[in-house]
Amino acid sequence: MKKLLPLLALSLPLSATTFEANVELPQLDVAEYHAPYLAMWVQSSDRKTIKNLALWYDHDKAKGKGQEWLKDLRQWWRRSGRGLDMPAAADAFTGATKTSGSYQLSFDSAKLGLTDLPAGEYKFYIEAVREVGGREVLSVPFTLPADKALTLTLQGKSELGQVSLTVKP
Amino acid sequence: MKRTVSTLLAGALALSIPFASQAHRAWFLPAATVLSADNAWVTVDAAVSNDIFHADHAAYRLNGVSVVGPKGNKVELQNTNTGKHRSNFDLQLTDEGTYKIFSASSGLRARWEDANGKRQGWPRRGQKADMAEFDKVVPKDAKNLSVSQFSRRTETFITAGTPSTEVFKPTNQGLELVPVTHPNDLYAGESAQFTLLMDGKPAAGAEVIVLPGGMRYRSAQNEIKAVADEQGNISIAWPEAGMYWLSASYEDNQAKAPATNRRGGYSATFEVLPQ
Numbered sequence: 000m001k002k003l004l005p006l007l008a009l010s011l012p013l014s015a016t017t018f019e020a021n022v023e024l025p026q027l028d029v030a031e032y033h034a035p036y037l038a039m040w041v042q043s044s045d046r047k048t049i050k051n052l053a054l055w056y057d058h059d060k061a062k063g064k065g066q067e068w069l070k071d072l073r074q075w076w077r078r079s080g081r082g083l084d085m086p087a088a089a090d091a092f093t094g095a096t097k098t099s100g101s102y103q104l105s106f107d108s109a110k111l112g113l114t115d116l117p118a119g120e121y122k123f124y125i126e127a128v129r130e131v132g133g134r135e136v137l138s139v140p141f142t143l144p145a146d147k148a149l150t151l152t153l154q155g156k157s158e159l160g161q162v163s164l165t166v167k168p
Numbered sequence: 000m001k002r003t004v005s006t007l008l009a010g011a012l013a014l015s016i017p018f019a020s021q022a023h024r025a026w027f028l029p030a031a032t033v034l035s036a037d038n039a040w041v042t043v044d045a046a047v048s049n050d051i052f053h054a055d056h057a058a059y060r061l062n063g064v065s066v067v068g069p070k071g072n073k074v075e076l077q078n079t080n081t082g083k084h085r086s087n088f089d090l091q092l093t094d095e096g097t098y099k100i101f102s103a104s105s106g107l108r109a110r111w112e113d114a115n116g117k118r119q120g121w122p123r124r125g126q127k128a129d130m131a132e133f134d135k136v137v138p139k140d141a142k143n144l145s146v147s148q149f150s151r152r153t154e155t156f157i158t159a160g161t162p163s164t165e166v167f168k169p170t171n172q173g174l175e176l177v178p179v180t181h182p183n184d185l186y187a188g189e190s191a192q193f194t195l196l197m198d199g200k201p202a203a204g205a206e207v208i209v210l211p212g213g214m215r216y217r218s219a220q221n222e223i224k225a226v227a228d229e230q231g232n233i234s235i236a237w238p239e240a241g242m243y244w245l246s247a248s249y250e251d252n253q254a255k256a257p258a259t260n261r262r263g264g265y266s267a268t269f270e271v272l273p274q
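Protein sequences appear in the order of chains A and B. By numbering that gives the first Met the number 0, the letter at position 21 of the first sequence is numbered 20, and the numbering carries on one by one without gaps. By numbering that gives the first Met the number 0, the letter at position 84 of the second sequence is numbered 83, and the numbering carries on one by one without gaps.
The following block holds chain B by itself, in its conformation from the complex:
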C-alpha cells in the first residue's frame, strides 16, 4: 500500500512539473571554442537557467555528459564539480580537430486519466521507461491516454587547431543537428546552415529559436526564429559576435508503437566571433 502511495505521489509530482527540464534552458558554456595551443585545456560550465549563460537556477548533472574527440575517442571530463547552480569540468584537447560535448536521453512517457479523473503518468520522475513495466502499469483503455516517444539532446563544439567533422555524424536517434557550416567557424555578419534530423530523417517543420547570451543586460529576448524546411535545413544569420544558445523542438505522430507521438528537443551553444 505504501508503495502505491509513493507511486501516486511521484506521479503527481512529475505531472505538476511536466517536462521540467524543457521549461528551463540547459546549456554548456565553454570558456573558449577555438584554440591554438598544443594540448590546450578548456574549462566548461554546465547549467540550467532561464537567462541564458547566467548560472542562477540549477546545475546540469554531469553523469550523462560525454565528450567525443576528433578521432571518435571518448575524452575524459577532468576536475569535475557540481555546485548549487552550476557544474564545471575541464578538458584537455590532446588531438587536433573538433570535439563535441553532449548529453542525450530518450524514452517513452505515458499520461492518462484514471477512473476518478485524476491525471496519471509513467514512468515515475527520474526513472527509465521499462517496457516490461509499461504493459503492467499503463491501462490501455484509460481516458485521454497519450504515449510519447521523447528525446532530448544538449551539445556544444570546441576546436583545437584545424577544424574536423567526424563528430558531426548523427546517431539517427532523436532530434539532432548536423552542421553544414562548421560550428567553430561562425562569424558576425555571416550565415550558418545546419540540418535538423529526427531519428535520422529531415525534421521538416522543426521550430528553432536562437538567443544571444548576456540576457541580463538587455530588456528583450532578441530571439532569432527559424523553421526547418523540407530537407530539415535552417539558416541563421549572426547579427553580432558573442555566445548564442540554439534550441529546436520537433513533434509529429510518426512514433513507433505503443507510442502515438514523438517529440524531440535539441539545444546547443555556439560562439560567433567578430570579423
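If we strip away everything but chain A, and leave its shape as in the complex, we get:
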C-alpha cells in the first residue's frame, strides 16, 4: 500500500497551479501594420494534452470573417484550432488582437481546464502571425508539478518581443 502512494500523488490534479504570462509585442517599422493574431497554449510532450491559454484574433468581425486567417497560426491550427468548433469552443480564451506594447496576463486555471493537468513534461507555446507580415513561434519546456514558482523567459526576434511564463504551484 505504501508503494502505491507516490503513484497516487502523481495522478492527483494539480489544482493549485496557476499560470501567468507577460507578452511583449514589438513596435515595427512597417508601411502597413496590422495587429497580429496570437495564440498561447500548453501541450504535453506526447502532444496528447493541449490546453489553450489565449487566442487573439478578429473574433468580433461580422459573419465570422476573422476566422479566415486562423489557419495562419499554423502550429496552433494544427495542434488545436482545426479540431475546435469555432468560435464557440474558443470562447473561454478568445480575446481581441492587440498592437505593440507589453501585456500582463493571468489565466483562469479552472475555466481553461488547467487544474487537471497530469504530472509530466510540457511545453509552453506562443505563436504570432501578422497580416502582410511575418510569423514567429516560440516554445519552452517545463515540468509539472512545479515544486516552486518558476519563470520561463523567451526572446522573440521578429513578431514577438520578450515573453515570460510564470508557473506557480
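Treat the hints as calculated values from the structure; they're not laboratory data. Among the hints, a few may not be true.
As the list claims (entries may be wrong) - Reference excerpt, derived from the structure (chain B facing chain A, CB under 8 Å, subset only):
1) 35
2) 36
3) 160
4) 162
5) 184
6) 272
7) 273
All C-beta atoms, glycine included, are put in the ideal place defined by N, C-alpha and C.
Starting from the structure of chain A, add chain B where the hints point.
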C-alpha cells in the same frame, strides 16, 4: 474505304504519341489546402506540363474532374474556365472536413503489327474501349500483340476545419493511393506514409517519384524516389515546405483476359507547410 483510312490515320497518330498524357505531367494546384473560414472558397488550377506547377503546355480538361466532400457528397465545380494552358475552377467548402479532387480513367489498349509490319493500335485515340468492338478489330493472331489494361488517376486533397478521412476509401480499381498520414497534415522535416493499391491489392514494387514545385527556379529535378514495399507502403520525408507533385506507376502481368498486362498511373499534389 474512307473510314478505313481515317481509322488507320488515327491509329498512327495514337502510336506516334503513345501514352501522350503520361509523358507529360498532369496536376491540380489548389491555391490553399488548409482552410479555417466557414464556407471557405478555394480556387484550383488544372494543367498538364513538364515543369511542375508552371502552366505552360496544355490545359487539363475538366469534363472528367470530380470533387467529393467529407460526407461523400459530390461537390460542384464553379466558375469553370479552360484556357490554352490551364483550366481553373472554384469550390465552396460548405462542410467541415476533407475534400478530394480527382480524375480517373481506365480501359483496355491493344497494339500489334499487321501483315505489312505496320504498328496498329486499338481503341482509337480519344475513344473508349468497347469490348464488342475488340473481338472484331483486334486480330488475335497478330504479331507482337499486346493487350494492356490501364488506369490513370490524378488527385489532390483540401481540408476545411477538422481533417476527416471518408474520402480516402479506395474504389479498388486501378492504381490508388490511400493516405496513412493525412495529406493535409504534412510538415517540413516530417515523413508521410501512404499505401498504394492496384485494383485494391498492395501495389508492391510501384515506383514513385516526388517533385517539389517551382522547377523553373532551379537547375535539377530534385526528385525524391521511393518504391512501394510488399504491403504497398511508401514513406516520403519532406525536406522543406512547398507544393509537391507525386507520381506513381505500376505494371504487372496479373491482368484479366483478354489483357496480358496491367499498368496503373497515379499522381497527386501535396502541400507541405513549415513547422
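For this session: Could you tell me which of the hints above the structure violates, numbers in ascending order?
Result: No numbers; nothing is violated.
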